[in-house]
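Asks: Chains as they are written, first to last, in this note's numbering: chain R, 324 to 449; chain L, 2 to 300.
None of these hints come from the bench; they were simulated from the model. Wrong hints could be hidden among the right ones.
Here are a few chain R residues that face chain L, going by a calculated C-beta distance under 7 Å [said to hold, decoys possible]:
{"id": "1", "residue": "I338"}
{"id": "2", "residue": "T438"}
{"id": "3", "residue": "K439"}
Quick list of in silico lysine-lysine cross-link-like pairs, DSS-like style, CA-CA up to 25 Å [to be verified]:
{"id": "4", "chain 1": "R", "residue 1": "K345", "chain 2": "L", "residue 2": "K222"}
{"id": "5", "chain 1": "R", "residue 1": "K330", "chain 2": "R", "residue 2": "K401"}
{"id": "6", "chain 1": "R", "residue 1": "K386", "chain 2": "L", "residue 2": "K197"}
{"id": "7", "chain 1": "R", "residue 1": "K342", "chain 2": "L", "residue 2": "K222"}
{"id": "8", "chain 1": "L", "residue 1": "K195", "chain 2": "R", "residue 2": "K417"}
{"id": "9", "chain 1": "R", "residue 1": "K386", "chain 2": "L", "residue 2": "K195"}
{"id": "10", "chain 1": "L", "residue 1": "K197", "chain 2": "R", "residue 2": "K417"}
{"id": "11", "chain 1": "L", "residue 1": "K195", "chain 2": "L", "residue 2": "K163"}
{"id": "12", "chain 1": "L", "residue 1": "K30", "chain 2": "L", "residue 2": "K117"}
{"id": "13", "chain 1": "L", "residue 1": "K195", "chain 2": "R", "residue 2": "K393"}
Have a look at the derived ranges for each label pair, beta carbon to beta carbon [said to hold, decoys possible]:
{"id": "14", "chain 1": "R", "residue 1": "K386", "chain 2": "L", "residue 2": "D31", "range": "33 to 39 Å"}
{"id": "15", "chain 1": "L", "residue 1": "T105", "chain 2": "R", "residue 2": "D433", "range": "43 to 49 Å"}
{"id": "16", "chain 1": "R", "residue 1": "Q346", "chain 2": "L", "residue 2": "E185", "range": "33 to 39 Å"}
{"id": "17", "chain 1": "R", "residue 1": "F354", "chain 2": "L", "residue 2": "A255", "range": "54 to 60 Å"}
{"id": "18", "chain 1": "L", "residue 1": "T263", "chain 2": "R", "residue 2": "N414", "range": "22 to 28 Å"}
{"id": "19", "chain 1": "R", "residue 1": "Q346", "chain 2": "L", "residue 2": "N199", "range": "35 to 41 Å"}
{"id": "20", "chain 1": "R", "residue 1": "D433", "chain 2": "L", "residue 2": "R60", "range": "55 to 61 Å"}
{"id": "21", "chain 1": "R", "residue 1": "L396", "chain 2": "L", "residue 2": "A151", "range": "39 to 45 Å"}
{"id": "22", "chain 1": "R", "residue 1": "L396", "chain 2": "L", "residue 2": "D31", "range": "51 to 57 Å"}
{"id": "23", "chain 1": "R", "residue 1": "Q346", "chain 2": "L", "residue 2": "E27", "range": "29 to 35 Å"}
{"id": "24", "chain 1": "L", "residue 1": "D49", "chain 2": "R", "residue 2": "Q346", "range": "56 to 62 Å"}
{"id": "25", "chain 1": "R", "residue 1": "H347", "chain 2": "L", "residue 2": "E185", "range": "55 to 61 Å"}
Backbone N, C-alpha and C fix where the C-beta goes; we use that ideal spot for every residue, glycine too.
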Amino acid sequence: MEVSKMKILLCDDSILVRKKMKQHINSLGCFNVFEAVNGIEAVNMYKENNPDLVFMDIVMPEKTGVDALKDILAYNKKAKVVMASSVGTQNHLKVAIETGAYDFLQKPIDFDSVTKIVTKVAKEGN
Amino acid sequence: MFTQFFGNFLLNQNLVANWQLSEALELQKDTKLKLGVLAINAGFMTADQVNTVHSAQQRMDKRFGDIAVEMRFVTHDQIETLLNTQKTGHLLLGQALVDKGYMTNGQFEKALNDYKKLYSINDKDFSDVQNGKIEQVIKTFYHFNNFKYAKVFTEYVSLMFKNIIRFIGDDFSPLEPVTTNEFEAGWIATQTIKGKYNIFTAIDGNEEAFIEFSSRFAGEKFTDIDEYSQASVAEFLNLHNGLFTVNISNEQQAELELAPQTVQNNKIIKTSSEMFCMPICFPFGTINILLSNDIPQIV
Numbered sequence: 324m325e326v327s328k329m330k331i332l333l334c335d336d337s338i339l340v341r342k343k344m345k346q347h348i349n350s351l352g353c354f355n356v357f358e359a360v361n362g363i364e365a366v367n368m369y370k371e372n373n374p375d376l377v378f379m380d381i382v383m384p385e386k387t388g389v390d391a392l393k394d395i396l397a398y399n400k401k402a403k404v405v406m407a408s409s410v411g412t413q414n415h416l417k418v419a420i421e422t423g424a425y426d427f428l429q430k431p432i433d434f435d436s437v438t439k440i441v442t443k444v445a446k447e448g449n
Numbered sequence: 002m003f004t005q006f007f008g009n010f011l012l013n014q015n016l017v018a019n020w021q022l023s024e025a026l027e028l029q030k031d032t033k034l035k036l037g038v039l040a041i042n043a044g045f046m047t048a049d050q051v052n053t054v055h056s057a058q059q060r061m062d063k064r065f066g067d068i069a070v071e072m073r074f075v076t077h078d079q080i081e082t083l084l085n086t087q088k089t090g091h092l093l094l095g096q097a098l099v100d101k102g103y104m105t106n107g108q109f110e111k112a113l114n115d116y117k118k119l120y121s122i123n124d125k126d127f128s129d130v131q132n133g134k135i136e137q138v139i140k141t142f143y144h145f146n147n148f149k150y151a152k153v154f155t156e157y158v159s160l161m162f163k164n165i166i167r168f169i170g171d172d173f174s175p176l177e178p179v180t181t182n183e184f185e186a187g188w189i190a191t192q193t194i195k196g197k198y199n200i201f202t203a204i205d206g207n208e209e210a211f212i213e214f215s216s217r218f219a220g221e222k223f224t225d226i227d228e229y230s231q232a233s234v235a236e237f238l239n240l241h242n243g244l245f246t247v248n249i250s251n252e253q254q255a256e257l258e259l260a261p262q263t264v265q266n267n268k269i270i271k272t273s274s275e276m277f278c279m280p281i282c283f284p285f286g287t288i289n290i291l292l293s294n295d296i297p298q299i300v
C-alpha cells in the first residue's frame with residue numbers, strides 16, 4: 324500500500340501532540356489523518372473509519388488508551404495500534420504488548436520511529 | 002547543573018539583585034569567555050593578577066595570555082589548558098555579570114570559591130551533569146531533609162532540572178523555596194501521580210512566563226494562552242512525570258500511574274499537609290514548581 328493511501332488515527336488528549344504528529348505524518352505523504360481526544364472517541368472513530376494504523380496515548384481522560392485498545396481489538400483483532408506514552412514502565416509495556424498492541428513508543432515521540440512504523444505498516448498492507 | 006544553583010548563591014550573598022541575575026542569564030548566551038575568568042576559575046591567577054593584566058592591556062596592544070605569561074603569572078602550558086577549557090555555564094554567568102559591571106573579578110573569585118567550598122564540589126562536578134552530588138545540592142537547597150518523601154522529592158526535582166535544561170533551556174536560576182498550605186496560582190498545569198507514592202505536581206506562572214515556557218517546549222512562538230500553549234506546558238509536565246515514574250519503577254519496582262493533566266487559571270491550591278513551592282527565575286519571568294504528598298483542593 325502507498326503511504327498516501329493509508330488512513331491513520333491519532334488519539335491523544337494533547338492538541339499539541341496531535342498537531343505535531345499530524346504534521347509529521349502529512350510530511351510522509353499521508354493526509355487521511357483522523358484525530359480523537361480520548362479513548363471513547365478513539366473507539367468510535369476506529370469503527371467509523373477503519374484506519375490502517377492507530378497511534379494511541381495511554382494516559383487520557385474518559386477512557387484510557389489501554390481500555391480503548393481492548394475495545395478496538397475486540398472489534399477488529401487485526402487492528403494495528405501503536406501505544407505511545409511518557410510512562411514507559413515495564414508494566415505498561417507488558418500490559419500493552421499482552422493486550423495486543425502493535426508497537427510501543429516512549430514519549431517524547433521520536434519522529435524517525437513514527438516514520439519507520441508508518442513505512443512498515445504500508446509495506447505490510449501490500 | 003551547578004550553574005543554576007550558583008546563580009541563586011550569588012543572590013543569597015546579596016552580590017547581585019534579582020533583575021541583574023535575570024539580565025545576566027539573558028546575556029550569557031552571547032557572552033564570550035575571557036581568559037581572565039577562566040584563569041580565576043582554574044586557580045591559575047588571582048583576581049588582582051587578572052586586573053593587573055587588564056590594565057596593562059590598555060597600555061599595550063598585546064593579547065591577555067601573552068602579557069600574563071610575560072608577567073610570570075601563568076605558564077604557556079596553563080594558557081593552552083585554559084584555551085581548551087569547555088564553555089561552562091557558571092563561568093558564562095560570571096562573565097556576563099562582570100561585563101555588566103554588576104560584580105568585580107574579585108567578587109566573582111570569592112563567590113566561586115565560597116560556593117565550591119560550601120557544597121564541596123570541584124570543577125569536574127561543575128561540568129558533569131550526571132554527577133550524583135547534584136542530588137545533595139538539591140536536598141540541602143530545598144530543605145527536604147526531614148520530610149517523609151525527601152528522597153523521592155529530591156529525585157523528582159533533580160530530574161526536573163535535567164528536563165528543564167533538556168527541553169526548555171539552561172538560562173535559569175532556582176530561587177528560595179517556600180512551603181505553604183495555600184498557593185494562589187496564575188496559569189497552572191497540574192498532574193497527580195498515584196500508587197506507592199501519591200504526589201501532586203504542578204507548573205505555575207503568570208501569563209507572560211507561561212506563554213514563553215510553552216513556546217520553548219513546543220519549539221514555536223505562541224503569543225497568547227490558547228489551547229496549544231496550555232497543551233505544551235501540560236505535555237512537558239506529563240513527559241517529566243512519565244520519565245520520573247519510569248525511574249522509580251526501575252529503581253524500586255514500584256508501579257506509579259499518572260492521572261490526566263489539567264490546565265487552569267486563577268485558582269487557589271489548598272493542601273492539608275505542606276506543599277513545596279519552588280520558584281525558578283528565567284529571563285522571561287518566574288515559573289513555580291509545586292510538589293505535595295497531599296492531593297489538594299483546587300478552588
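Asks: Evaluate each hint against the coordinates.
Replies: Here is how each hint holds up against the structure:
| no. | hint | in the structure |
| --- | --- | --- |
| 1 | I338 | holds, 5 Å |
| 2 | T438 | violated, 18 Å |
| 3 | K439 | violated, 21 Å |
| 4 | R/K345 / L/K222 | holds, 19 Å |
| 5 | R/K330 / R/K401 | holds, 15 Å |
| 6 | R/K386 / L/K197 | holds, 23 Å |
| 7 | R/K342 / L/K222 | holds, 15 Å |
| 8 | L/K195 / R/K417 | holds, 19 Å |
| 9 | R/K386 / L/K195 | holds, 17 Å |
| 10 | L/K197 / R/K417 | holds, 19 Å |
| 11 | L/K195 / L/K163 | holds, 23 Å |
| 12 | L/K30 / L/K117 | holds, 23 Å |
| 13 | L/K195 / R/K393 | holds, 23 Å |
| 14 | R/K386 / L/D31: 33 to 39 Å | violated, 49 Å |
| 15 | L/T105 / R/D433: 43 to 49 Å | holds, 47 Å |
| 16 | R/Q346 / L/E185: 33 to 39 Å | holds, 37 Å |
| 17 | R/F354 / L/A255: 54 to 60 Å | violated, 43 Å |
| 18 | L/T263 / R/N414: 22 to 28 Å | holds, 25 Å |
| 19 | R/Q346 / L/N199: 35 to 41 Å | holds, 37 Å |
| 20 | R/D433 / L/R60: 55 to 61 Å | holds, 57 Å |
| 21 | R/L396 / L/A151: 39 to 45 Å | holds, 43 Å |
| 22 | R/L396 / L/D31: 51 to 57 Å | holds, 55 Å |
| 23 | R/Q346 / L/E27: 29 to 35 Å | holds, 30 Å |
| 24 | L/D49 / R/Q346: 56 to 62 Å | holds, 57 Å |
| 25 | R/H347 / L/E185: 55 to 61 Å | violated, 39 Å |
Violated hints, listed in ascending order, are 2, 3, 14, 17, 25; each of the other numbered hints is respected by the structure.
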